[in-house]
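Peer 1: Listed below are the residues making up each chain.
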Amino acid sequence: MAGLQREVDPEYLFLEAPRRQVFITGSEAVAEAVKRANVDMAVAYPITPQSESMHLVGDLYAQGYLKDYYRGENEFAVMAAVHGASLGGGRVFTATSGPGTLRAMEMFPVWAGSRQPIVCAFMCRGVSLPPSIQPENIEMAMLLDVGMLMFHAEDAQDFFDMILKAYAVAEQPDVHLPAGVFVDGFFVTHTRSAVLLPPDDLKLSAYDPRRAPVPTFDMETPPIRMVRDPLLNKSNFISYAANASWHQEIAAAAERARKHIRRYMGGLLEVEDPAAAIFLAASGTAVSQSREAIKVLKAEGIRVGLIKIMSIRPFPAREIEAVTAHAALIVVPEFNIGGWLAREIKASIDNNRRVVGGPRVFGGMTMPTELIVDQIKNALVRSGAKRPRSPRRDLSG
Amino acid sequence: MSTKIITPVAQFAELLPQEYKDLVAHGPYHERRSVRDLGTFKEIVDEHPHCAGCGVALAVRLLAAALPSPADTLIVGTPGCSFFSLVQTALNYSNTAFGNQNAVAAGLKRMLEIRFPRVHKDVVVVAGDGGIADIGLDLTLHSWFRREKITTVMLDNEVYANTGGQESGMSRQGRVLNMAPRGKLFPKIPVFELAKVSGCVYGARVTVAGPYKVGRAVRNAVLLARELGPTYVQVYTPCPTNMKFPPDQTLRVAKEAEKDHYSFEEFMSAEAAEYLTRLKATSEESEKAPELAKP
Ligand code: SF4
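Line by line, the protein sequences give chains A and B.
Per the numbering used here, residue 4 is the first one in the first sequence, and the count goes up by one each step.
Per the numbering used here, residue 36 is the first one in the second sequence, and the count goes up by one each step.
These aren't lab readings, by the way, just hints derived from the structure by calculation.
Treat each hint with caution, since some may be false.
Unchecked claim - Going by beta-carbon spacing under 8 Å, a handful of chain B positions derived as facing chain A:
no.: 1; residue: T38
no.: 2; residue: A132
no.: 3; residue: A138
no.: 4; residue: A140
no.: 5; residue: R153
no.: 6; residue: K156
no.: 7; residue: I170
no.: 8; residue: L174
no.: 9; residue: H177
no.: 10; residue: T276
The C-beta atom is built at its ideal place from N, Cα and C for all residues, glycine as well.
Modelling step: build the complete structure from the supplied sequences, incorporating the hints.
Peer 2: Next up, the structure:
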């Protein structure tokens, strides 16, 4: 029961508490995370495939786990309402998806600009005409530079862990930024998988507004006029400089998040077979498909390593550069038409002709393993490289 | 907010500007002040970069003087002219995106109710006609439909002033403005009438030509929002710069509007009327209006 939950340190909840395995959907994993996150208030608006998770958060409110919850009138209003609630000094949660993300877009830089540790789950889906409610994650490309931390979950287990851990990272006094936790809709939200959960009588310790690096909006801090002349709207160098330094500080806060991400999530990325000369680099469900492709390729004698990128903002550019220093080929499969992850990786490493963007699927298409396998084989043929035999390394850059 | 929070330690007090010291010693935070007392206390907004003769600036000054407990009042606004003085009030003021003000205020009010269950934290939206009636209309109305316990104050200058004098939904029909080169083709959006049918327990339509009326309306609205539900005050705040009249004519323009299309009007629910009668009786008893304890 809600009233019987005990507050514990994030370390204990994430790393030490005993876990029990359940077989749940990604939407249910969201609710399990919110249940243990000591959230004060959540605001919801229906959109596929996010709705079910916010229904379940509503149930948590009815059971007493949250102190307030309501359905807002649209996503812009919902993101504005959690912004107001967060300004008021409490912990909030909401979720959205695809067109909802775009409708609410104006609020994300506002969250970052006002340094609010709001956690929002994004169940990514198509956004354009012809209409599609199917999975693809093009909306992530549009959020890359709003100032929010961004984590991309591979599966329901990741989704559960990342939502909880996002609060721990986002609320650090030297970070204090919003965090988005992303999954590819339907693949994760609507399928069941085994998820390990800590006991539900434990929850994160409450948000403490006194640790915030910005004053809480509650008239409990000296409100005496701090601005003699509004910096905004003024055409002078001082106001430009003040505005610019504020933005620099937001970027710096995201940089400072790296150490907390390492501490709670174990790193910004995970690497399998770091000695391989060919890598699949991916985030979200493309990681799971890459794992399958790696098995197929291995059976054919082609050795391929895996780079699973968990933190999109901050982006693990240096880590990727180090891991791929010796690599001859880096293939980046994605669930979107734009190929934003391939662009990010190309911008992070030397000799970026080694990066092959694709396969890309969208509009609800699945990503058959063969597509990834073919992409790697074709790239090898094109590059004229010999096939790297498993387990010996033939390609050394 | 307690006086303790703003009172500086003796060693530090000397370093603070006179203005700060005046606010602590003679500000309106802990002694009840009203529009009638203007000129006798240190106001929470007393300088601003608005144009000369700005009706919005006057309305903000009156509103700030009328707040029943400024020590626990949070103002939510929008970009626009109202922001110029509001950002300089000695209150927590938030100016987020354009049009989201009533949703921000709703979330804020709910969180403050969670965190301060025994203190009235008054959340007041103060924004222009563009923010409330145009871009934010759905959020304005939905906050009323949901019966959010917030006050909405529209500073209606009947034009987008800050962006250079464009037609707004609150502009008068026929008026030639930027983006309405042949004159506005439809009447003012009836936000005041919408407030009546959308859940507001109290509403008042006033102009800056009636400072006491503005003060009374704001005070009633904030007190009733605490207890009963959403309230709405619509203030006519003429803009000399965009409406092209001399800045010393603002009050005359407002007075003329009062006789013409901006007559004083007030509505309230039966519950609100009963509450205000009770409040008046209690305040007459104790001379000073007491802060009503929460049940
Ligand atoms: S443009 Fe009009 S509303 Fe804006 S500050 Fe000047 S007079 Fe006031």
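Peer 1: All hints are to be evaluated individually against the structure, with a verdict given for each.
Peer 2: A quick look at each hint next to the structure:
1. T38: Since the shortest Cβ distance to chain A is 11 Å, the answer is violated.
2. A132: holds, 5 Å
3. A138: holds, 4 Å
4. A140: Holds. Min distance 6 Å.
5. R153: The hint is violated - B/R153 has no Cβ within 8 Å of chain A, the shortest such distance being about 14 Å.
6. K156: holds, 7 Å
7. I170: violated, 10 Å
8. L174: Holds, about 5 Å.
9. H177: holds, 4 Å
10. T276: Hint violated; B/T276 Cβ to chain A Cβ min 15 Å, cut 8 Å.
The structure does not agree with the numbered hints 1, 5, 7 and 10 stated previously, though it agrees with the rest.
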